[in-house]
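Participant: Chain residues, written in single-letter form:
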Amino acid sequence: MTRTYLKSILRSVQSSFSRFVSIVLIIALGIAFFVGIKATAPDMRNTAQDYFIDCNLMDIRVQSSVGLTDDDIQAIMNIDNAIEAVLGQKFKDALVLVNGEIEKDIDGTQISTRVYGLNTGLLANYLNYGVDEAVYMNRPRLIAGEYPDNENECLVDASALSTPDSYQIGNTITLVGDNEDLRASLTQNEFTIVGIIQSPYYVSFERGNTLIGSGKVGTFIIVPDTVFVQDYYTELYVKIAGSDSYDPFSNEYRNYISPYIGMIKAVAPARLEARVEYLQNTLPSKIADAEALLNDASASAGSQVEELKSTIKSLQESKTLLAKQLAQAQETYNVTLADAEEELALNRIDYDNNMTEYNKLLAEYQTSSAALAEQEAEYTKAYAAFTTKYQEYQKNAQTLADAKTKVASTERLIAEAEGIMQMLENRQNDQVTSDEMASIRDFLQATNPDLYESIIGSTTGGLASEMVTYIQPVLKGYQQDLIVQKAQISELDQKLKQAEPEIESTKITLETTRRQLDDATVQKNASYNTLLDYSTKLSSAGADITSTDFQLSLQKIQTQMMITELTNQLNTIDTNLTTAQAALQSANNQISGILQEATGSYQQQIDNAKNLLASLDNVYWNIYDRYDTPGYSSFSSTTQNLEVLANIFPIFFFVVAALVCLTTMTRMIDEDRTTLGTLKALGYDNRVIASKYIIYSLSACLIGCSIGIAMGMYVFPFAIFKAYSIMFTIPDLQYVLPVGSVVIGIVIALTCTLVATLVALRKDLSEVPAMLMRAKAPKAGKRILLENINFIWRKLRFSSKVTARNLFRNKQRLFMTIIGIAGCSALMLSSLGMYNSVSAIRSRQYGENSISHYDFQIMFEDPQDGTSGEYKTVANSNSVSSTLLISMKSVTGYSLRSDAQMDVYLMSPSDPSLLADYITLQNRQNGKMYTPSIAGALITEKFARDTNTKVGDTVFIQTSDSKTYEIFVAGIVENYTFHYIYISPDYYAEIFGEWPAYNYCLGNLTDVVRASDASTLASLKGQMATKLMAVGGIQAVSFNSDVNESLSEITDALIAVVAVFFISALILAFVVLYNLTNINILERTRELATLKVLGFLDNEVNSYVLRENLILTMFGTAFGMLLGILLHYLLITYAEIDTVMFGRDIEWYSYLLSVVLTFVFAAIVNALINKKLKKIDMVTSLKSVE
Amino acid sequence: MSFIELNSVYKKYQTGEVVITALDGVTFSVEQGELCIVVGPSGAGKTTVLNILGGIDDCDDGKVRVGGELINNYNSKNLAMYRRHDVGFVFQFYNLVPNLTALENVELASQISNKALNPTRVLERVGLGDRLHNFPAQLSGGEQQRVSIARALAKNPKLLLCDEPTGALDYATGKQILTLLQETSKETGMTVVIITHNQALTPMANRVISMRNGRVQRITVNDNPLPVEQIEW
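These protein sequence lines map, in sequence, to chains C and B.
The first sequence maps to residues 26 to 1211 in the working numbering.
The second sequence maps to residues 52 to 284 in the working numbering.
Please keep in mind that the hints were generated in silico from the structure rather than gathered at the bench.
Heads up, the beta-carbon is just placed ideally off N, CA and C, and yes, glycines get one too.
Warning: the hint list may mix true and false statements.
[Stated by the list, open to error] Once the Cα atoms are required to be at most 27 Å apart in a straight line, the calculated DSS-like pairs of lysine-lysine come out as: (1) B/LYS128 - C/LYS1197; (2) C/LYS1200 - B/LYS237; (3) C/LYS414 - C/LYS501; (4) B/LYS166 - C/LYS826; (5) B/LYS63 - C/LYS1197.
[What the hints assert, rightly or not] Label pairs and their in silico Cβ distance ranges: (6) B/SER127 - C/ALA1192: 18 to 24 Å; (7) C/ILE769 - B/GLN65: 50 to 56 Å; (8) C/LEU1135 - B/TYR61: 43 to 49 Å; (9) B/GLN65 - C/ILE1080: 53 to 59 Å; (10) C/ALA1192 - B/TYR61: 35 to 41 Å.
Just chain B, with the same shape it has in the complex (with noise of 0.2 Å):
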């Protein structure tokens, strides 16, 4: 059994008169232990996929299968403590509260999970170790996505989700945070679902999720993924 399954999985947006159908039957699976790239257009449904998989948006009808049990007959507490302990969220705007040092933010995450590693070490481990007692404003957008990884990965979460985690950095920033992405997914065998609209990045996966229109159009298995170093785009 695959460590994530969705089966024919729908979801469909009301906005006034307008029916979105944002997921129209989406199936897949991924592997413990991979880097999955979800990558499409914008409007290919790739956020509701993220947004379901973390436990923050509920699907009309199909299965969610997250580490063997399913997700979507969670009540709202249930999938809270979901969220607390099973998955990290890595946002594309970082999502840092202001007002709390990097080592309090990601403190945050980690005063509430049960099996959470040490901040200050999560911090060394992704290259912040001297910027601890920095707020968000002090920091740059990579060092802020960094601090937001630290946050997702303090938690000790089986389940790593970035939504367009390089979308508001520059090229060599992002590079760098694919990188830490790619290594924490091969170091720790966590799996990592990365959403993305950039094509080029696909190679760096073991597996590519290709949605257009809310489908799964192709989903092709990388046997040997690309170093980001290695990837141009």
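One chain only, chain C, in its complex shape (with noise of 0.2 Å):
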């Protein structure tokens, strides 16, 4: 091969890379599938075998019904080199406490807890000085927390669904017998949680069998095995050499291990017949000893009893004297009281009384010396009006005096003028004398100034006449003035006189009003005088108020002390009354309390001592290898289970895978075909030119098979075993690169991938090279089987008959779309369906309209007859309808015809007649309805499958006992959680001798409480549950809807396996569609082109293509659907648990999911391709045929 061919190969991955990718991928998710489950049980079982060789799980297991000693152990070890270690083990069964209330299983039973001695010897070897000793076996694995250092710590059982929520570290448990007293057994019945630890010997949340509770040990708890008192071992753990060599769960392995059982049995006998020896020695004195210390303490219990008894009498006395002391001053108390509100009421009337009249004086006065006040005003503001006329009268009456003053002044003028002028008078010419001058000039100088000045002064004569010209106008100008001033005085004259009387009489008015003011204020004086008075009254008035209030106080203060002090009396009395009371109950309690406490501990020691001796003409050793150990086929079973699927499931995705490649080399060749063609011509022989596409496939597939392992070996064993590790505990998954499986899945996949590459060359190499290079002849066209079925041809349209024939052009595409799409929805549908199967486990089981209808379930604690004890008390509650007795143990039932061994309830209903109101019996596939009779046993429904179990057979059961009992079949009834075997007490009586002991009743609620909303219902439940816990003998209450709930856990885990299986069937789906369309696409691009040169439109060349692959789809999902039915029903019959059956139908809804999904891919698948087909060039239809 050249360097040149080599660099053509890297360029076509190169330049198809998406095809290469679309190889890789699906080959990668078919082989991670492949391998992902196939590693997953192997991984399992690896894990658990590493686990059983570190913890030193022991191969035999040998129990004897009188227990084991040391010489048992060294008789066993005598047996064979080979038995490598024998180690002695402890265990007692108890019940649980937790805050007074004993611990309940998801089912409502009683937990009943195994108490496992450690032998702290081999712990402390182990742990400080690491001895790996053989002898210490069932090594506990501590996962959190301590080992225990003391007598009163202990290690709690890992399992979630085992362990009750409050086996937290750090919490304490007390552990109480089963009716028994547990002192007998161990020396503490208080533990301390240290550690939370797994055991090898328990794998699986089962846990086993008991004579206690239920009957079924609930969880275990590990203590040091110094609390046991016993003397001698309960079990012992055998440990063969080379064991750890094999496959735990091989048939090698259980080959290797059966001859020590064998020799085991063998020397059974003789030590049976020593241990016999040795009890009927010792047991008789160990009685009598026992007896001894019972009548000691029976005595010394006595003694204190009578002393309690004194104790109560002097408390009960005390306790009359103080209710008589309490009554007197209760009486007190009521008569100080009364007296001292009565005295206040009366002080508070007085007091009200004066405080009213006081005001009312008050207001009075305010209202009178207001009103003076008012008049007093009145008057100054009159007297001030006054004033001002009388004042304006008196101006008037001086003007006037004023003016006639004046009058006479002038009027003296007048006169000495007229004097003057007589003397000048006549004389007209004459000069004046000197007198007549001088008196001229006087009369001037008074009279005219200004003349004077002017003339006269220097004048010392004249003519008379002259000095008529002087006088006579002053003398005019008197005369005038006298005139007006004669005027003037009339008018005011007048003035005055109108004046006067007005003056008088207000003068008059003023002087009565002045006089009626001041007698008013003398009244207003003396009105205040009485106020005062009344003030002085009132203020007397008010100190004795205040006196009387003040007493009041002072009286209420006096009475609340006496209340206070009355009080505290009466509650030392109460105190003290109530102590009393306490006392004399516990007292009470006390004495079968002391007698209990100290006799108890030995009437159990002689009871058991009893028992053992009783039991002595029947003994036995039962010697059990590691199938019997709880849970350990269960494992075994679902790892099987698991492998089941691996062969189914990834054979789909391989199929799926093959079509795919084959698919994408068949075209990738076809568009080589020219190249082809070229290198043939060239002288490249056929097998390096088939190299080209071997290198290019196979190296794809070997990608693929890396990343696909790579993912597989992890991701599906951790998702698988995570859903699984709910039920299982076991450490941590160990991931082994599962070589086998990818041996054989690389396998597969490089010959699926070189084959599908070998088809597709094998025709194009054959031809000659021209052929080759010659455009490949179109696929000739074909007539379709339809078109000869005339009268349907005939009537389709053109473009379905297109679609017809396209369809069957390409047959090796339509079968594989088909095959590939088919296979997706299968899947699709399978995992749907195990949904629903999963689901109906609860739906079916406690949902409406299910099996277990009745509403709850109650354990007593002694078998109840029907008619009188605790069984009445539910009867009678309010919320309870109507209830119905039944016995229910759990026992261990198989058959002859297969292996399987399962924990099966046998209940037997009091009246069969009436179970059906509890419990539906009913035959799920012909609808049969079923009552339990004498006529034979009803089994349920997985319990018959697993043991091979038809009507008519019988099945075997064993009871804890270890007794085994058979019983016949008349039917067998749908059931989906546990196992149970419904049977007629007449039956039971027939073949256990006995009429069974009637320890559980069922009931339903009235429908009111039933009808109440969620909250209420709850509430009112949890109600009922107090109330019939606390009646004595009642042992646990279970509601339906709590274990429903609480299979919720279980269920979850497998849908998340379901999950797993989707979401891969789901990529599947996607890649194939994908692909195929893709490739379909790209076959017809010239064709396409053809069509869209001819005009068609975008869509209308979509829809061309989409038609035929929505009929394709349709063909595959119908397909699958049926594709899916059968795989649905290998899936639940090998994927199945033990204690679970899973629903049988596929619920309408899944269909429709997987039918849309698939469609829904489909669309998608068909939105890209449309993105492709737009982008076809219509060029390409120009060009040669490839």
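Starting from two chains that each stand alone, build the complex the way the hints lay out.
Facilitator: This is how it looks when you write it as structure tokens:
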């Protein structure tokens, strides 16, 4: 092979990267699924095997009905050198009290706890010195916390399903016996949890059976074995040398171990004989010792009882005394309070009256005082007005007087002037004398100074006439003045005369008013004095009130103090009383308690010893291998089921992957046809040419394998084990490369790819180069079968005809697409169907119209007779409409037709005809209803199937005391959780020789309670449970709704596994659909381009292709549904776990959903393809055929 | 106005870093009812001309007018309708849908056209009246090309475009096909454009457009085209 040729291979990878990737992906997916699912079971088994080796799980377990001793250990050790070690183990089954209540399991029964003793010496050697002793078997594996240091510390079980939530590090648990005194067995009954462990003895959540409680071991704890009282071992663990080298779940291992079981069986009779002899010799004296102790204890308890009785007597006396005192104090208290209150009320009335009076007077005084002030103001105003007027009058009078004076002076001047005038009269031209002149001059000087200054003064004489001219005007002026002045006077006189009477009258009025006011003032003052008097009176009244008030307060305080004192006294009396009563109560309790305390342990020892003695005529050893340890076989069968799954599921993936490879390679080689021809023409031989495609596809395949293996070997085991981890408690999974499946997977993948490539190449390589270089003759059109059916063909539209013919044109692609789509939708349907089946466990068992349609189940301490006792209390409860007594115990069921050994509940209803009200017994397939009768028992479906039992067969049950009974099967009934054998009381009596002990009852709530809303219902149920649990003799109340809830833990785990499958199916569906459709388009590019040239619109071209895809999808889906139903059937048959049966039906919506999802994917793929269609270049139609 | 008018049409292809100028300013026109041959060596750009005329490719510049419509402005939907109603395409390699019979192949085209001719009659006209229900693989090359022509004619297009219609056929068959095309043009007045590299065919055409290196070298109008029977090559 040349370098150029290698280069061309690399180029083709590069140029068709998406094609290369699609091969890688599909191969990766296929092989991841194959390897992953294949690896899960081996991973789980390897992990378990390493765990068993690491924790040194015993190979054989020996139990004896009379206990085992060190001599027995020695005897077994002596049998064979291959018996490497024998460990004596003590355990005791007990019930657990948390907060005073007995812990319940998910099915509502009491949790019985198996208390294992841990050999502290072996543990110390192992921990401190790392001594890996073979004898240190079933080593607990610490998950959290630490190993116990003290006798009151313990380790608890790590399983989430079986361990109560209260088992947390730091909590304290209290163990109680089931109707027995644990002190005869354990020196301690309170243990602090210090660590959480896994035990290789318990790989699943199953814990086996016990004689106490519900008959099932719920969980276990490990305590230092020094707390055990017993001097013998409950069981022995045997280790066989070399057993670790076998796969613990293989037949080889079982075959290796089984001879030793036979050997141990052989020594049993001798050992039992020795043991019986020893017990017969020692037990009677033990009993006698215990009886002596019992008597002593009874006696000392008796004296204690006397002491208590006297205490009670004195307490009762003091109680009587205190009660009397209390009565007295209360009387005193009541009387004093009444007196004080009466006085208080009287004082208050007085005070209120005085206050009212005072207020009234005050108001009156204030009113009158205000009125007086108003009048005074009015008077003052009137007086002021009068004064103004009077002053005016007096002014006018003065003016009049002045005017009169003026008139007189004027008249005097006039007279003077007239005198002068007379003197000068008729002497016109005469000179005046000097006297005359002097008088004139004087006159003028007085009357007319201006004239005098200007003329007269300097004139010493003149003519009389001249003088007259001087005097004349002056006279005239005076005369005029006189007239005016006289008029003035008369006017003023008039005015004054008018004003006078008004002034007089006003004066009188004012004087009257003045007098009145003075009177009023006097009255006011008098009234003020009266008020003062009242005030004084009021003050004294106020003082009175204050003092009364004060006195009252004082009295109140005194009363209060008295009350307080009395109350205190009262309280003290009450407290004393309570203490006295409590002491009385506890004393009463103590009487029985002391007796129980003192004697119970001895009584139990005596009982135990007597029972042992009684059983000595029927002694036996039971020898078990690992398959008898709880959960061991279910772990084994689960991994086997997974292997079945691993064989079914991946086939689909591989088939589909191979188909996709084939299509892809065919397409690639078709595209390269011309190149192929050219290479051939150039002289390359077929092998070299083929090698290109083989290298191309194989390298894609190998890359895909590597990716797929790397992912698959982790992802699938992780997810699946995660889901199972709720049921199995083993260490974290070890991922081991499953070499076998890897090789097979790679070989299958390579073969598929290689064959696909060769098939694709075969035709082309056989042709001559010239032929290859020429355009490949288009695939001949052919008539399809449908065309012969004329009446249909003729009715088809043209486009339908085209589609129909196109569909069958490429049969290879037709089948591939249909198978691809069918495979994917089958995977989807079966995954969804699995989901339905798992969900049905809860819904069919506990949902509406379900099998267990009773509302609650109650467990009694003692068997009930149905007419009295605790049962009546339950039946008479308000919320309860009906109840049915049943007997139930846990047994191991099996048949001779299969290896299965199953935990089964044997249930016997007290009245079989009423059972239908609580549990529906119906055959799932034919719908026939059953009632338990003397004719035979009814067994549940899964138990029937696993034990390969048909109606008319018999099954065997082994009770916890290892007795075996045969039971005839009259019917097989539908049931999903746990396994039941329903048996009528008369048939029970026939088998066991005694009537069933009715230790449980089933019940229904009233319709009113049932109809209430969720929260009310929950609280009603809570109240009912609390009330019933308070009744002595009722050990557990469990509601179906709670059981249903708890079951979700298991079903959710399974649903998670289903989800892994579903998601894988979805991915596969998408890859396949895309790939096939894409190739379909690529192959027909030329045809589609031609359509476009012919004038087809984009959407017409799309629908041309879409129609084909749609029809293929339809056929594929339909085929897929059939395939899915088949696959679902295989799955539920093989994947079931022991305690539950999966629902058999696929719900309608699962069909719908898987169809819809397939179409949705087809639609998405079409949308992606449409883009590609749009991009098709019409020019390609012109090019030569490739 | 001529039925087909190309005016300064440019087309460049970019393949990788190389730019190829397929059409470098092509201008010519064809009259209604003419049989026109576009001739030239490979790489001359004649196929590109055909693609642009057929509406399956677009030009970078210039104007393309068919029947008065400017088709270079059409969007993809308009172009599809143009191809559907106005253009018949005859391919060198026939491009028949292999799983449809001759009749069905014709129907494939006629069912989408609004003025389609009767498919059976068209097939009878091209001389395949007795091969209606044969699949392409059962027909000879010439017969397949006849189906192809029938498929183009059934749409009753205004324009028939033929891409090397005789390229994959032998001499005699090729002659028959050309005769069919010539007669169709004459009888129906349909405009026919034939692409060929064979210079010898040119006498049969009304108009010959010679191309070289993306340009029109010469346009020859031939008023008296020879019947195909008289042409030898």
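Participant: Would you pick out the hints that fail for this structure and give their numbers low to high?
Facilitator: 2 and 3
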